[in-house]
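Student: These are the residues of each chain, in order.
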Amino acid sequence: MIPRIEYYRFGTLNEALRFLRNNPDSKIIAGGTDLIIQLRSKKVEARKILDISRVSELRYVREESEYVKIGALTTIEELKNSGVIKVYAQPLWRAVNNFAVWQVRNTATIGGNICNASPAADTVPPLIVLEAKLKLQNIERVREVKVEEFFKGPGETIIEKDEILTEVVIPKKDSSWRYSFIKLGKRHSHILSIVSVAAGLKIDDNKIEDIIIALGSVAPTPVRAKSVEEYLRKRQATSKLIEEASGEVVKDIKPISDVRASAEYRIEMSKVLVRRALNECLKAYSHGIKSG
Amino acid sequence: MSSITFLETQKDEYSILEEWLKAREFIYVGSEVKRIDALEKVLGKAKYVEDFLVDGLAYARIVKSNIPHGVLVSVKPGRAVEHPDYIALVTSSDIPGMNQVGYYIPDQPALAEKKVRFHGEPIALIVASRPRSTEELRELVEVEIKPLEAVFDPLEALKDEVLVHEEHGSNIVLKTRVRKGDALKALQESDYVIENTYRTGYQEHAYLETEGALAIPIDGGMTIILPGQYPHLAQSIISRVLGVPQSKIRVIQPVIGGGFGGKDDMMPIVGAQAAIAAYKVRRPVLLTYTREDSFTSHCKRDPAYIRYRSGASKDGKLTVVDVDIVFDAGAYANRGPFTLWRATVHSTGPYEVPNVDARGILVYTNKVYQGSFRGFGNPQIQFAAERQMDELAEKIGLDPLEFRLKNILRPGSRTSTDQLLEDSVGVGEALARVAEKCNWFEKRKNYGKIVDGKAKGIGLACAWHGISTSRGVPDWCNAYINVAKDGSVTVFTGIVEIGQGTHTGLAQIAAEALGIPLEKINLVGGLTDAPDTGATHGSRGLSLGGTAILIAATKIKKRVQRVASRILECSPEEVELRNGWVYNRSRPEKRITWEEAVKRCYAEGEDMAATGYFYMPKGRFDEDKGRGFAYIVFSYMVVAVEVEVDVETGLTKIIRVWPAICAGRIINPKLAITQIHGAIIQGIGYTLMEEVKLEDGRILNPNFTDYLIPTIADLPEIEEPIFVEDYFRFGPFGAKGLAEMALIPIPAAITNAIKHAVGVKPSEIPYTSEKLFKELSKRWQG
Ligand SMILES: Cc1cc2nc3c(=O)[nH]c(=O)nc-3n(C[C@H](O)[C@H](O)[C@H](O)COP(=O)(O)OP(=O)(O)OC[C@H]3O[C@@H](n4cnc5c(N)ncnc54)[C@H](O)[C@@H]3O)c2cc1C
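Sequence order for the protein chains is E and G. Take my numbering: the last position of the first sequence gets the number 292, and nothing is skipped along the way. Take my numbering: the last position of the second sequence gets the number 1782, and nothing is skipped along the way.
Hint data in this document are derived by calculation from the structure and do not stem from the laboratory. Be aware that a few hints might be false.
Taking lysine-lysine pairs in the BS3-like style, the calculated list, with each CA pair at most 25 Å apart, reads [claimed, not checked]:
#1 G:1443 with E:42
#2 G:1778 with E:271
#3 G:1454 with G:1280
#4 E:254 with G:1034
#5 E:42 with G:1011
#6 E:283 with G:1693
#7 E:251 with G:1653
#8 E:254 with G:1454
#9 G:1443 with E:240
#10 E:271 with G:1653
#11 E:271 with G:1771
#12 E:172 with E:271
#13 G:1771 with G:1011
#14 E:161 with E:80
#15 G:1774 with E:271
#16 G:1406 with E:271
#17 G:1406 with G:1454
#18 E:27 with E:133
#19 E:43 with G:1314
#20 E:271 with G:1449
#21 E:240 with G:1454
#22 G:1022 with G:1778
#23 G:1771 with G:1449
#24 E:173 with E:251
#25 E:240 with G:1185
#26 G:1670 with E:254
#27 G:1558 with E:254
#28 E:251 with G:1693
#29 E:161 with E:48
Quick caveat, the model's predicted, so the values are computed rather than measured.
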């Protein structure tokens, strides 16, 4: 049961920000696909709701010369149908293609997926790998933070009470990067991840020049697999090396046991998925598939 | 050994059925007519229980126990009374009749009284003038419960240290036993004996529509609209609870959003709860369960613990089955006595076994109670029996198919209870045909190897399933047919349309028997205005419901033949009814229309209404000896399943399923196929992912985020079913039951295929990816 709450809706960002400044005790709702459930189960309590779903100025995917910019209210379905995302944000595109069901994708927003700060949020590991930044705005100013610095714990972020996430900024990277995203659930679709892995590799002449790996659902926040990255950086890519490196991921993760999976299973699956994700990137090289 | 008693009073009915069994040409039977309820459902015009709006309607929700076992000290509305929408808090003290909704054993209250026995047990009802306020109000209700120590594990409960029902004196509800030959001796003397323990979990019905009932007080009685599976059972339970004669209780069936057995058990209870509330507030009350209420408070498939020993001789003949079955009843006995009995009888699988000792125990625990669910106790035991067959085959060094073919039941075989099967046993043929169609031997040879981290496997399983009630438990059916003066026909049946399409099949049967177009039939079903036809469960709706309609229609047909014979100048037997014409068989040009014939019947003193009562012949089961008549007939199912296992993650993909069914005459192949598909999907969920997670009796995943049922992406290719039409003499045109069948062998078939793929020995379902992964890691380390 959702307790009685006051409900406010504005059509412009400015009005919404002004309201937030004056009502710091209110909770933002975008698509509501997380928040409504949390209100019902009393995981979140709110007396005031600020509905930003009609702030249409925050709903876009824009390609600029050096960036791809995504308005925070862009729905998952819109990302799925975006050619720009498919070309410039490949792991994100893979993630939104294996995300919930059509009805949910039509309402769920990328901003909501990020701000909800679930360790299992599927768009986050890809955004980390793409080195995306988040624009946080209040009535006076805008600040930018790296995606991986945004999270503090399950449901907790560094966002201030008067701020709205307005935009996700993805830098266009050089075309020698290859990406992958893999999600493991307990059935074949429509499922929250037990483990998800996004990976990006930059290889030159079979040498790993640069690498970023991020995982979801295996720690209180989405995490970088820095140990794996370090193990591989500047080394020749062989399948044996990748196999070894994947084992390093245990140093980067801190999974828990819950109704979905045990911690042990998550650890084992992290190794498997990291290896698979890296091998997919390598395969993309050998097949000459470009990502941008 | 197990002779069947025939009734003198039913001689005419037997001969009607026998006559039709000989028929070879049909217009409607065996054809894929369009479902009669399709259009209204597609157009959104079908009315479900929540679509009935009545003046002055009040809304109710259950108030539940949040403690698994305790003394109920008090229930008070608290601050709820201050709310403007508050109407009443209804507790057990408001019940005018008996606070008793137990099915077979009177152990279950409509609303908890003195004690609570599981987390989620309904204690009271909150009634409000607006639906959304019910949620708010129920949280304000003050419930005081003094916790008692609780028992959750059935094996623990057997020790009787904590009693769920003190008055019963033990947690053992009852025991069952089937015995034949000398199992002990056979265990000692068999060439091969193996023993394994199997476990199965709860399964949630997960129907789209949760429970709901609308009770409307009407002069000295009550009309209740509820999506149940047996209106007359709801009528008798509600009558008991209200202390009002059954004739004053009218139950009407709306369109239902899925049942699978769960609504058979639940709707008399939920209907009684709604009726109690309506009685107290003296206005119509709509009680609905939220999805979470449905998860926490409605019955589920019985968890089972099975210790299975079986033996065979060197030449591959089964010698003995010796099995202990523990069914976890949860807090109330409900259908447990019957699911357990069914499991006990079916414990051998559909095989000839000379020595059998099967012992069942039903145990109370402080958890949500068990109940009817597609397969009714049988999927659990067929999982054990058919896994065991593969293990035994391996031990002997035989191919699992060949081992089964050597032992499969055939006409003339004797069952686990020593009942002689004279006819209608098509399972041997089904098994051979499935094996051929799926290319069994080739796949057994080629699969079972890891290629690129994946391994394919193929597995087989059979199942048998007794139709109608067991032993001497009475089973009957009835129907009432009325032909109006214009020749249009109304058929009243107690059988409920629960989405399975049975009403279409029943209309086909009526149209066939009367030789008139299907459009002339108005099928009115599932309400107490119709004669008591028994429940729509146990795969009996089309079979028994159809038998009654066939009998009633044939009585009318005979009257039409009698009158028409005078006009058509022939004997009544020579009068043919077909396509809306009534004609002389040897001179077809001598004919009148059906409408004309009906008009003449009205004019010449023929009764144009008839009932079709039929009492299923029964035999005797000797409870002391554990032998005798178990079921009048069995349906059979065979499936082969091909899987692909991701050996690094344990995720299993079902690639393809080959089904074969022996359900006698297939009245409508399309309906049959949809039932087979639905049952396979439900079986896949049961086997691989559906898992109720409990902590101290509390369900941790009462939602579809974490209680997983299969999605379209989890579904395999399902091959065209093989129909082996092994006619049943008391079914309409030889039809037996079908709707449960395809689920029953699925758990064993899938796990046998997984074993073939990667060599593990699954002994527990759900066999989740994590469990399989753990098994695989153990093997590789060991
Ligand atoms: C059936 C179902 C399936 C799902 N499947 C998946 C899945 O496969 N993968 C997955 O990752 N998730 C899944 N989800 C979760 C959910 O749909 C996503 O997290 C979604 O992206 C949330 O977006 P929303 O707009 O609905 O957020 P809301 O529920 O509106 O908000 C979520 C949180 O973010 C805050 N918030 C929202 N927008 C902003 C903003 N612009 N600035 C500041 N704070 C903001 C809200 O205050 C709230 O705390 C599923 C949910 C359901 C119900």
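Student: Against this structure, judge whether each hint is valid.
Tutor: Taking the hints in turn, this is what the structure says about them:
1. G:1443 with E:42: Since the Cα atoms of residue 1443 (chain G) and residue 42 (chain E) sit roughly 53 Å apart, the hinted pair is violated (cutoff 25 Å).
2. G:1778 with E:271: 17 Å, holds
3. G:1454 with G:1280: 62 Å, violated
4. E:254 with G:1034: 56 Å, violated
5. E:42 with G:1011: Violated, at roughly 65 Å.
6. E:283 with G:1693: Given that 25 Å is the threshold and the Cα spacing comes to 40 Å, the pair is violated.
7. E:251 with G:1653: With a Cα-Cα distance of about 31 Å, the restraint between residue 251 (chain E) and residue 1653 (chain G) is violated, given a limit of 25 Å.
8. E:254 with G:1454: The given pair, whose Cα atoms are some 28 Å apart, is violated under the 25 Å limit.
9. G:1443 with E:240: 33 Å, violated
10. E:271 with G:1653: OK: residue 271 (chain E) and residue 1653 (chain G) at ~21 Å, within 25 Å.
11. E:271 with G:1771: Holds: residue 271 (chain E) and residue 1771 (chain G) sit about 18 Å apart, inside 25 Å.
12. E:172 with E:271: The given pair, whose Cα atoms are some 29 Å apart, is violated under the 25 Å limit.
13. G:1771 with G:1011: 56 Å, violated
14. E:161 with E:80: It is violated: about 30 Å lies between the C-alpha atoms, which goes past 25 Å.
15. G:1774 with E:271: At roughly 15 Å apart (the allowed maximum being 25 Å), residue 271 (chain E) and residue 1774 (chain G) satisfy the hint.
16. G:1406 with E:271: At roughly 47 Å apart (the allowed maximum being 25 Å), residue 271 (chain E) and residue 1406 (chain G) break the hint.
17. G:1406 with G:1454: 33 Å, violated
18. E:27 with E:133: The hint holds at about 23 Å.
19. E:43 with G:1314: Given pair residue 43 (chain E), residue 1314 (chain G) is violated - Cα atoms ~62 Å apart, limit 25 Å.
20. E:271 with G:1449: The given pair, whose Cα atoms are some 23 Å apart, holds under the 25 Å limit.
21. E:240 with G:1454: Distance of about 20 Å is within 25 Å: holds.
22. G:1022 with G:1778: 59 Å, violated
23. G:1771 with G:1449: Roughly 20 Å separates the two Cα atoms, so the pair holds.
24. E:173 with E:251: Roughly 28 Å separates the two Cα atoms, so the pair is violated.
25. E:240 with G:1185: 58 Å, violated
26. G:1670 with E:254: It is violated: about 52 Å lies between the C-alpha atoms, which goes past 25 Å.
27. G:1558 with E:254: 79 Å, violated
28. E:251 with G:1693: The hint is violated at about 30 Å.
29. E:161 with E:48: Roughly 13 Å between the alpha carbons, so the hint for residue 161 (chain E) and residue 48 (chain E) holds.
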